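2 protein chains.
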Amino acid sequence: MAHKPYILVTNDDGIYAPGIYALWEAMTTLGEVTVVAPDTEKSAVGHAITIVDPIRTQPVNRRSGFQGFAVTGTPADCVKIAVRSLLDRKPDLIISGINAGANVGNNIIYSGTVSAATEGTMLGIPSIAVSLNSFQGEHWETAQKFARLFASQTLKRSIPVGTLLNVNIPDRAINDIRGIRPARQGQVYFKDRFEKREDPRGRVYYWMTGEIVDPSESEQDDSVLLHKGYVTVTPIHYQLTHESFLTELDSWELDD
Amino acid sequence: MAHKPYILVTNDDGIYAPGIYALWEAMTTLGEVTVVAPDTEKSAVGHAITIVDPIRTQPVNRRSGFQGFAVTGTPADCVKIAVRSLLDRKPDLIISGINAGANVGNNIIYSGTVSAATEGTMLGIPSIAVSLNSFQGEHWETAQKFARLFASQTLKRSIPVGTLLNVNIPDRAINDIRGIRPARQGQVYFKDRFEKREDPRGRVYYWMTGEIVDPSESEQDDSVLLHKGYVTVTPIHYQLTHESFLTELDSWELDD
Chain A
71 MAHKPYILVT
81 NDDGIYAPGI
91 YALWEAMTTL
101 GEVTVVAPDT
111 EKSAVGHAIT
121 IVDPIRTQPV
131 NRRSGFQGFA
141 VTGTPADCVK
151 IAVRSLLDRK
161 PDLIISGINA
171 GANVGNNIIY
181 SGTVSAATEG
191 TMLGIPSIAV
201 SLNSFQGEHW
211 ETAQKFARLF
221 ASQTLKRSIP
231 VGTLLNVNIP
241 DRAINDIRGI
251 RPARQGQVYF
261 KDRFEKREDP
271 RGRVYYWMTG
281 EIVDPSESEQ
291 DDSVLLHKGY
301 VTVTPIHYQL
311 THESFLTELD
321 SWELDD
Chain B
71 MAHKPYILVT
81 NDDGIYAPGI
91 YALWEAMTTL
101 GEVTVVAPDT
111 EKSAVGHAIT
121 IVDPIRTQPV
131 NRRSGFQGFA
141 VTGTPADCVK
151 IAVRSLLDRK
161 PDLIISGINA
171 GANVGNNIIY
181 SGTVSAATEG
191 TMLGIPSIAV
201 SLNSFQGEHW
211 ETAQKFARLF
221 ASQTLKRSIP
231 VGTLLNVNIP
241 DRAINDIRGI
251 RPARQGQVYF
261 KDRFEKREDP
271 RGRVYYWMTG
281 EIVDPSESEQ
291 DDSVLLHKGY
301 VTVTPIHYQL
311 THESFLTELD
321 SWELDD
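Chains A and B, in that order, give the protein sequences.
Everything in the first sequence is counted per this note's numbering, starting at 71 for the first residue and increasing by one.
Everything in the second sequence is counted per this note's numbering, starting at 71 for the first residue and increasing by one.
Simulated from the structure, these hints should not be mistaken for lab results.
Keep in mind that a hint or two might mislead.
All copies of an identical chain are treated as equivalent in the list; a pair is satisfied when it fits inside any one copy or across any two copies.
No more than 30 Å apart at the CA atoms, straight line, and that leaves these computed lysine-lysine pairs for DSS-like [claimed, not checked]:
no.	residue 1	residue 2
1	Lys215	Lys226
2	Lys261	Lys226
3	Lys160	Lys74
4	Lys160	Lys215
5	Lys74	Lys215
6	Lys261	Lys160
7	Lys160	Lys266
8	Lys74	Lys261
This one's a predicted model, so the numbers in the text were calculated from it and none came from an experiment.
Just chain A, with the same shape it has in the complex:
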């Protein structure tokens, strides 16, 4: 690529989260970077977009050079409004993260981090989601290294239309990473419970809580490889048709 690549950085933890700062920093070594991200945390928003409310944007400029816009919307909103309105040209790459917490298995469906990359893909721009496997996040430098690697590879090569890369990184020192493995979306899920409480006025409310359950057995599953210390990369698409069952449906007595 002859010109300096233009990179849009976004996330779902919000523009003031440590992970997006680490990602911005890593991307500045590769090209020109603009950040457009939610003004507050928008985790687990799935692929939500804002259609009923207006959206506001606020310029953000830090002394380090980190600059962009805080948006009163979801990660998918951020990508849409960045590409359609805020940026003066189309980015060469969209990268979302670095999320504090893995996005593997069923959690991919709920992930705001992944949804930003999905939105980028739908807009025809190569897109990557990057997550660090820890809610606290110690080893940002490890995540930075691999975010940079996948970003530079994606700028050099081509990803098929309608496909994004979902990258998950163990929260370990760089020397303790065992390697990189292409992986499948596995089986891990969050088994939720609802904890019932009463507020001071005697009205019932619930908190969603629960625990992670991992029935994954395959050595190719994202969560399995991640826990063994591998960086995983899963190509994700949003063509959701279950092809083999489509033909079986023909045999249903569909004409009443």
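Please arrange chain B on chain A, whose structure you already have, making use of the hints.
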């Protein structure tokens, strides 16, 4: 099925929308029905779930017999809290809708109606999403007929694990329906623009707007068949791995 089937009805337009009442009415002819749905409209929320805020539920009982709970959450929240807390037994079927407006092509990714059925599928319960191709919705009786047909077929047969049925119905009189067709998720998308305005205090805000664009060419695509007057049924799964690109990724210089 020997016992009377137990059916959970939900939606994303909210518990007071006309479509959910029509769906409840259609389902009462097949089994015992409970409604658990958002207290207000939650369109385009994608697969959002509520993790930062508490969730409240409010019993709803109409004279007609329509009964259930209004939930201060997303469609996915409604299915989770219904199955995990509010219902006294596991439903045999979850059906979401009847949405005012089609859920075809890329719109499936943003759809709260589909996300409720996805959540049901993830909980191991056969699930269906039903949408009428009109924002006003005139022919609820047509949608009711096909909702009932797919519900009764689904109760009799088996859908593969991890798969839901996404049903779209033309807004036409029953006699004008040309038939039912298994269909693929097509290419139709919403090309969004952001309309910039100033509020009375001089602050900028944006409304998302735009128009539907349909590059679908295949005769098997959902939007194409729907516009021709067919009821479409698309089996949807949430295994998002792009299998063929997974092997190609091995050839990337991933070890830096």
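We went through each hint and held it up to the structure:
For the homomeric pair lysine 215 and lysine 226, the shortest alpha-carbon distance inside one copy (17 Å) is at most 30 Å, but the shortest distance between copies (53 Å) is not. For the identical chains of this complex, lysine 261 and lysine 226 are inter-copy neighbours only, at 28 Å across copies versus 40 Å inside a copy, given an alpha-carbon limit of 30 Å. Taking CA atoms no more than 30 Å apart as the test, lysine 160 paired with lysine 74 passes inside one copy only; the shortest distance there is 13 Å, against 56 Å between copies. Taking identical chains as interchangeable, the C-alpha atoms of lysine 160 and lysine 215 lie at most 30 Å apart only when both belong to the same chain, with a minimum of 25 Å there against 47 Å between chains.
Taking the shortest Cα distances, lysine 74 and lysine 215 sit within 30 Å of each other inside one copy (20 Å), while across copies they are farther apart (58 Å). Taking the closest pair of Cα atoms, lysine 261 and lysine 160 come within 30 Å of each other only across two copies (15 Å); inside a single copy the shortest separation is 40 Å, beyond that limit. For the homomeric pair lysine 160 and lysine 266, the shortest alpha-carbon distance between copies (19 Å) is at most 30 Å, but the shortest distance inside one copy (48 Å) is not. Taking the shortest Cα distances, lysine 74 and lysine 261 sit within 30 Å of each other only across copies (28 Å), while inside one copy they are farther apart (45 Å).
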